[in-house]
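Visitor: Each chain, letter by letter, is given below.
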Amino acid sequence: MKKQSILSRIFLLYLPLIAILLFILFPFYWTFITSVRPAEDLLGRVTYWPSSVSFEAYRQLFTTTVDFFAAIRNSFIVAALTTAVSLTVSTLAGYAFSRYEFIGKRALMTMFLCNNMFPTVLLMIPLFTIMRTLGFLHTPWSLVLSYTTFTIPFSVWLILGFLKDLPMSLEEAALVDGCNRRKAFLKIIMPVLGPCLVATGVYIFMTSWNEYTFAMMFTNNATRTIPVALRNLIGQLGVRWDLLTAGGILTVIPVCIMFFFAQKRLVTGLTAGAVKG
Amino acid sequence: MVKKRSIYPYLLVAPAVLTILLVIFVPVLNAILMSFQSYDLRRPQEIAFIGLENYRAITENTLFWGSLWRTFAWVGFGVGFQFIFGFILALLLNHSFRGRGVVRAVSMIPWVTPGVLIGLMWRWMYDGNFGVINDLLNRLGILSTNIPFLSQVETALPSVIIAIVWQGIPFFALMILAALQGVPSDMYEAADMDGANKVQKLFFITVPSIKNTIFVTLLLRVIWVANSVDIIFTMTEGGPAWSTQTLSVFIFNQANSLNLGIASTMAIVLAILLVLVTIPYLRISFRKED
Numbered sequence: 018m019k020k021q022s023i024l025s026r027i028f029l030l031y032l033p034l035i036a037i038l039l040f041i042l043f044p045f046y047w048t049f050i051t052s053v054r055p056a057e058d059l060l061g062r063v064t065y066w067p068s069s070v071s072f073e074a075y076r077q078l079f080t081t082t083v084d085f086f087a088a089i090r091n092s093f094i095v096a097a098l099t100t101a102v103s104l105t106v107s108t109l110a111g112y113a114f115s116r117y118e119f120i121g122k123r124a125l126m127t128m129f130l131c132n133n134m135f136p137t138v139l140l141m142i143p144l145f146t147i148m149r150t151l152g153f154l155h156t157p158w159s160l161v162l163s164y165t166t167f168t169i170p171f172s173v174w175l176i177l178g179f180l181k182d183l184p185m186s187l188e189e190a191a192l193v194d195g196c197n198r199r200k201a202f203l204k205i206i207m208p209v210l211g212p213c214l215v216a217t218g219v220y221i222f223m224t225s226w227n228e229y230t231f232a233m234m235f236t237n238n239a240t241r242t243i244p245v246a247l248r249n250l251i252g253q254l255g256v257r258w259d260l261l262t263a264g265g266i267l268t269v270i271p272v273c274i275m276f277f278f279a280q281k282r283l284v285t286g287l288t289a290g291a292v293k294g
Numbered sequence: 121m122v123k124k125r126s127i128y129p130y131l132l133v134a135p136a137v138l139t140i141l142l143v144i145f146v147p148v149l150n151a152i153l154m155s156f157q158s159y160d161l162r163r164p165q166e167i168a169f170i171g172l173e174n175y176r177a178i179t180e181n182t183l184f185w186g187s188l189w190r191t192f193a194w195v196g197f198g199v200g201f202q203f204i205f206g207f208i209l210a211l212l213l214n215h216s217f218r219g220r221g222v223v224r225a226v227s228m229i230p231w232v233t234p235g236v237l238i239g240l241m242w243r244w245m246y247d248g249n250f251g252v253i254n255d256l257l258n259r260l261g262i263l264s265t266n267i268p269f270l271s272q273v274e275t276a277l278p279s280v281i282i283a284i285v286w287q288g289i290p291f292f293a294l295m296i297l298a299a300l301q302g303v304p305s306d307m308y309e310a311a312d313m314d315g316a317n318k319v320q321k322l323f324f325i326t327v328p329s330i331k332n333t334i335f336v337t338l339l340l341r342v343i344w345v346a347n348s349v350d351i352i353f354t355m356t357e358g359g360p361a362w363s364t365q366t367l368s369v370f371i372f373n374q375a376n377s378l379n380l381g382i383a384s385t386m387a388i389v390l391a392i393l394l395v396l397v398t399i400p401y402l403r404i405s406f407r408k409e410d
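As they're listed, the protein sequences go chains A and B.
Going from the first sequence to the numbering used here is simple: count from 1 and add 17.
Going from the second sequence to the numbering used here is simple: count from 1 and add 120.
Think of the hints as simulated: they come from the structure by calculation, not from any bench.
Each residue gets a CB set at the ideal place from its N, CA and C atoms; glycine is no exception.
Facing chain A, a subset of chain B residues (Cβ under 10 angstroms, in silico):
#1 Y128
#2 P129
#3 Y130
#4 A136
#5 V146
#6 R224
#7 I229
#8 M241
#9 N249
#10 W286
#11 L297
#12 I343
#13 T354
#14 Q374
#15 N376
#16 I388
Taking CB as the label site, the calculated pair distances span:
#17 A/R76 / B/T182: 46 to 54 angstroms
#18 B/I127 / A/N238: 41 to 49 angstroms
#19 B/R162 / A/L42: 39 to 47 angstroms
Start from the sequences and build out the full structure, keeping to the hints where you can.
Guide: In structure tokens, the structure reads:
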């Protein structure tokens with residue numbers, strides 16, 4: 018690699034990078050400063066720096082007619098349950114795919130691959146009836162079941178990729194020592210699988226936390242999640258952009274924290290499959 | 121470690137397979153059945169099999185054709201610009217500079233932001249009276265009066281496309297960056313010796329080496345963007361005058377107004393279009409395994 022001149026580095030690297038980053042980050046900056054502005058600041062001349070900082074919008078979000086706290090609680094319940102269920106189901110399937118040869122394995126893996134090809138709007142309509150029949154409608158379980166299904170393919174892919182790279186010799190040694198498979202799995206594999214499970218769990222949690230279309234169909238006032246609450250607020254509050262942006266900031270903070278926590282492993286897992294090809 | 125005839129692996133995959141059957145395959149079959157019925161929940165007593173009548177009805181519906189062409193524009197321009205800017209961002213991030221890890225992580229945030237929030241943020245920025253985009257364009261002298269971007273027919277579709285481009289840049293950048301890091305550096309060194317310039321190296325070495333990643337990422341994004349409802353629905357609900365109503369949004373609106381037969385029929389059409397797009401993707405992944 019030859020040394021680039023400072024000038025070409027500025028024009029070919031730093032300036033375009035700053036331009037793209039500005040485009041990516043400006044909406045967040047704008048949303049945040051809108052949420053901490055005094056309400057009367059918003060409906061007037063546009064300024065790029067708040068005249069004073071106030072957290073009144075955040076207070077109102079929890080104390081006025083909008084029950085934003087309930088939405089946060091519902092989202093948390095759905096996302097936590099989905100993470101537990103999907104992680105369990107995906108780990109079992111990933112383990113089977115990595116450690117066993119069996120008839121129909123390839124067909125099943127293809128089925129997993131095609132899982133997310135179907136339009137959400139196609140599934141949504143019959144699922145509404147199915148959830149009602151099961152008695153899941155307007156309960157968190159309708160969303161837990163749906164989100165589990167949609168997160169299985171990528172979760173299995175992440176876990177499978179990790180297990181494939183794990184040397185078999187550890188387990189074999191344990192099996193020779195008289196452990197049964199279940200014991201070998203719990204004692205040998207689970208501890209090293211930890212970081213991979215955390216990253217997969219973050220992916221599942223984020224997906225459930227962010228989803229709107231199904232949440233809108235399958236919940237009611239008592240069980241609605243944050244995206245639905247946020248979307249409804251636009252209708253209810255109209256021009257109260259201070260409240261809307263405050264709700265938005267509260268929504269995105271948890272996923273951002275989790276994402277930074279897990280991003281390295283998540284990115285490695287995500288790109289591994291597509292890049293190898 | 122290879123056991124051929126054991127019931128164990130089937131037990132392990134059973135929970136995953138059962139949920140997929142219940143949540144994906146049964147609804148797909150149901151939707152196919154529904155598309156052959158007049159199924160309007162506002163007129164429950166008239167639910168009956170009517171053969172291909174729904175399919176004939178949608179071909180005569182100008183809103184359907186309009187939303188179909190709009191879907192092509194939404195996917196074509198949306199994914200196209202995501203790809204271009206994602207590629208540029210990946211090339212930039214492939215240089216080494218201080219703070220690269222942080223920049224990479226930060227530039228991924230749109231990818232983890234809920235669609236509803238994306239719609240909400242852009243809707244506020246596009247606001248015709250107090251929106252920051254109008255203010256910026258006025259200050260730069262590009263506009264002399266404010267434009268209500270989302271409430272006039274000519275500007276609404278390009279405006280929502282910009283929001284989906286914003287959302288999709290990180291995913292492309294991420295995938296392409298990973299692929300770039302796998303291109304062996306001796307290929308560039310050989311090209312340097314032959315006196316190739318930067319553009320030649322980009323088109324004759326970089327692009328051919330990562331074309332599979334580009335292909336897979338494009339397909340994943342096409343499916344995702346074609347199916348996306350939340351951003352448009354939050355920003356415009358498909359309006360004004362249906363000018364941002366893609367097929368997915370149209371189906372969503374029809375389902376909300378309980379016209380399930382027609383909604384299912386259009387959803388089947390959308391699914392068929394996506395299957396046509398996915399076939400090359402499956403072919404590639406099978407070729408990889410063989």
